[in-house]
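Asks: These are the residues of each chain, in order.
4 protein chains.
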Amino acid sequence: MDSNIKSVGVLTSGGDAPGMNAAIRAVTRAGIFNNMKVYGIYRGYRGLISDEIMEFKTNSVSNIIQQGGTMLKTARSADFMTEEGRRIAYENMQKHGIEALVVIGGDGSLTGAAIFANEYNIPVVGLPGTIDNDLNGTDTTIGYDTALNTIMQSMDKIRDTATSHERLFFIEVMGRNCGYLALNSAIASGAEAAIIPEISIEKDQLAELIEQGFRKSKNSSMVLVTESEVTGGAMKLAERVKKEYPQYDVRVSILGHLQRGGSPTAQDRILASRMGVAAIQALMEYQRNVMIGIRENEIVYVPFKRAIKKDREISREMLEVLRISSI
Amino acid sequence: MDSNIKSVGVLTSGGDAPGMNAAIRAVTRAGIFNNMKVYGIYRGYRGLISDEIMEFKTNSVSNIIQQGGTMLKTARSADFMTEEGRRIAYENMQKHGIEALVVIGGDGSLTGAAIFANEYNIPVVGLPGTIDNDLNGTDTTIGYDTALNTIMQSMDKIRDTATSHERLFFIEVMGRNCGYLALNSAIASGAEAAIIPEISIEKDQLAELIEQGFRKSKNSSMVLVTESEVTGGAMKLAERVKKEYPQYDVRVSILGHLQRGGSPTAQDRILASRMGVAAIQALMEYQRNVMIGIRENEIVYVPFKRAIKKDREISREMLEVLRISSI
Amino acid sequence: MDSNIKSVGVLTSGGDAPGMNAAIRAVTRAGIFNNMKVYGIYRGYRGLISDEIMEFKTNSVSNIIQQGGTMLKTARSADFMTEEGRRIAYENMQKHGIEALVVIGGDGSLTGAAIFANEYNIPVVGLPGTIDNDLNGTDTTIGYDTALNTIMQSMDKIRDTATSHERLFFIEVMGRNCGYLALNSAIASGAEAAIIPEISIEKDQLAELIEQGFRKSKNSSMVLVTESEVTGGAMKLAERVKKEYPQYDVRVSILGHLQRGGSPTAQDRILASRMGVAAIQALMEYQRNVMIGIRENEIVYVPFKRAIKKDREISREMLEVLRISSI
Amino acid sequence: MDSNIKSVGVLTSGGDAPGMNAAIRAVTRAGIFNNMKVYGIYRGYRGLISDEIMEFKTNSVSNIIQQGGTMLKTARSADFMTEEGRRIAYENMQKHGIEALVVIGGDGSLTGAAIFANEYNIPVVGLPGTIDNDLNGTDTTIGYDTALNTIMQSMDKIRDTATSHERLFFIEVMGRNCGYLALNSAIASGAEAAIIPEISIEKDQLAELIEQGFRKSKNSSMVLVTESEVTGGAMKLAERVKKEYPQYDVRVSILGHLQRGGSPTAQDRILASRMGVAAIQALMEYQRNVMIGIRENEIVYVPFKRAIKKDREISREMLEVLRISSI
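Chains as they are written, first to last, in full-length UniProt numbering: chain A, 1 to 327; chain B, 1 to 327; chain C, 1 to 327; chain D, 1 to 327.
Wrong hints could be hidden among the right ones.
Put simply, identical chains are the same to the list, so a pair is met inside one copy or across any two.
Stated by the list, open to error - Computed cross-link-like contacts, SDA-like style, restricted to lysine to any residue with a CA-CA straight-line distance of at most 25 Å:
id : residue 1 : residue 2
1  : 57        : 297
2  : 243       : 76
3  : 57        : 323
4  : 309       : 75
Honestly, the hints are just simulated from the structure, not real lab data.
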């Protein structure tokens, strides 16, 4: 179970997610623990091309486990989408003697990793780092639990004022065509409903949903909406409701970029630590072109192709839990 | 120094603010401590008219000091703007034997209190409850410190992602024509600048400010903007910047209603407790038509007329501190 | 799949745990949703005996999902350990027409539930409510994730001062002979080691562990210790270290009861909501004497007998992750 | 109002306090803004002797305003207590061309600063950095507001469990013979009483206080105790109460070192920013041997001698507010 890999580079790419630093820390230390040289690559694939590469020691990653964002920075790189860009990237790896890569990011980042790995026959392992939890083959992604708690805490604050004023709030959260974050946030924050891309909502249902919210002795109502073309977003929905139900005191809140930041939760730090250790393990086992996933609390290897295929289903049980617990 | 007041009603009115519950608790307990009957009036002046009034005991206000919002709810009342409405309000007070009022709210609420107090010769004492800190005669208002910390914590999260991506962020905060919240939030969060209604900003200054943000080795930039007609808001400003400086990766975040909620900070709970105790004290001293203020850490009585006169000045020292500490 | 149960009582018992309120809310609403009458029983089994029972409506549980502790209070009841006590409890249930019980608590509470259920042939379903995560048949318990995050956040604060002063800290956490909480907290907070009841630590290992902590460029060291007779606790351990390694600046922190409180995390609220809905579902399916568990993210029914059997194993993978990521 | 000072060193000394980083940032940037060279001195006076000194640029202090602890580390130095130690310190300053010092710390640190300044005729300005708020001539110190909020948040958690179990809690907080922190924490957290060094408590009062706590419908009771020889600490007090009032379910919690850490509050960051800017200003105005203080929201200069004289009084108003609002 030993490998010949003597050096590995680690980078973060695409949208940042809380827990990326914990993942960088675990990759770095697991690499060094297993007698590899570890290189931090700054600004994602862009830095691989512009040669922003630095050797890391165990203390290069001290005191970062609790920090949001990514100490390696992240960027999107148009150059890496070109053959020429990837060639320079490869040459830089050779120059530093970097034999393998660990890429932390979402589906775009893993897609890029797959192309690069195939083109130059480089061992690449991916870690799922995205708040959207929209990757396949893993129950959860690094950053998702923190974003969920950040949204929930924001909703707790909004509930204070919603309840004091007896209002109807539409709150827009991130998710990129994936309602997972909105649905679970709605359950966690005691919201009345979640309007998500996976389930189209008819005009009558919206009416029912809103009336249910104010039914009986309920004195405020919060509806989560996924930012998405399908749902139209919270602003459009609120406009529609204001027109059709002028009796309600409607307000909109778009949570925005604060959902991406913040000190990671325990779950995200533990997940990132496990996955970071597993990534080095995978490389030592001659795995490549796989994303580290977690299924039923066990580490699994997910082929890139399967990870980035979009077919996550929304859980019927969770829809039911939301519907029942919000009556 | 004793008074004949044997019963007092307490209500919250206008926009809610964190710490209102701590104020209700202190008013209630100080009233009972001084052998008064205390009545909780729900939904502000509206509940005074619709007779939503309940006698409070010491344990009616247990376990609320830490809660955001207001347990008494709040509302705006068009009826109270009419003579007829105020007459019914007065009759309800007489029915319950309520001799005096403590009103917790912002300038609109205190204006209403002043009219009512004069019309029916009722002892009324106001407490400044608003996150905007836009009342006169008091250094700070109940709710301001919590809102300041809420904004700062949101900005800490945004900084994580701003730094990871090297972006320019415009963040809009509340304040209603008062830049106090934006300016202090900017200092507390290490932002580059605050665009506030009190100080008009020329096009050249905006350019300078933005370029300064990205100068040298700074890798992200955050600008606070007060929600106001004068500033135009964060969205408009960002549009302008995007057009004139297309090289920047500009993002906007509108913090919205979460600024009003949340468990109050220590400062707000202590301030509310002191002011609540002082309100009862003021009534016992035959004070009326005054707002309780805090000046230089001492409780003061501020005539309503002076409290609601808008002439707060922006501190030159604070502008200087922001300018110097963000280089 | 329908049942004849027309009314259900819900109680919390034993040590309180964050998320109990979310569970009470879900049980109440799922009961009402399924046309049952729902009764809140105060102070656990003690209130069942002293008849502190109240019918709940959907809004009896409004605005509690975010609150720590338990609105139903909890208590330990010596009387319920007697036949006479349980007879009175049963008579009270009959008086109110309560046909079934949902008991939220740890192993002691579930043991009591099992005895009572057998004695009077009452349908009883348990929910695992304990921060210790020491029940069998479920991957996690209500309250565990919140306690984990509370510990982690306390450790983040301690790290600030530990790093500034270059100190060795022993931090004692709860767990009652179960090292799960300490081990996972150690990974999440970037601690150097966890001393847990499941793994005896030899003197030499302690030395190695401490020296490792200060090795190379590490500038502070934190060791988690489970409160337990086996480990001896943080204080005893620190005494030993101070004597044998006088060169270290050793400090102790016993986190204590704050670990039990606080607003529940998203995971705990979601888990409690799912389990509360599932408890009513289980009763409708004629399940009884089972605890609701979660295994591999699916709801399962665990016979009481199995749930309270202590044989949880400590995860080798997690020990490995801690060891590697803290080098 | 210009000075000849061309370079300044900044160090943190003694116990760390949240906001020290914000102060370092402001001193650094204000120095550079005013065309000085700025040197960061690591590990307090110890680093001044062992020459751990580094020139700082504006970006040396980027992204630290939100971090607890001190990036410059802190230490106590026995050597600096000797003439020989201070001589080496002075020589190191001369070697680097450092003409003036800004010292951030508590009374011990300022005492050392005063001696050094007099001995070598060096311009030294102090900033009050301590959570204890036990310095004279300033209304508040850097770190105090954060510690106050940290204690309050811990108490909010403890209240959850105290209320659920109906218990009497003694909670010990820091303060070093100064009850300021305990008294204000008690008001902020809705505790029943504060036992502080400034006010001796008779046996009868303790009884009254405890009985008051459980009187009427109060269902839990929390008493804050300053860690101090005078009070005896929470543990001793609890022992006494357990013996004399065996009917109460008494628990103790010692908050410990977590009180020193954590991301600083807005007040502490703003205070530290103002004071840091003011320190450079003071040096430019030929002030020396003064501590920067804040009085009635204005920056003041306090001679070292006066700052470290212990005669802070406890506020009668605050004692009254606590007594009334906790009935």
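Asks: Determine which of the earlier numbered hints do not hold for this structure and return their numbers in increasing order.
Replies: 1
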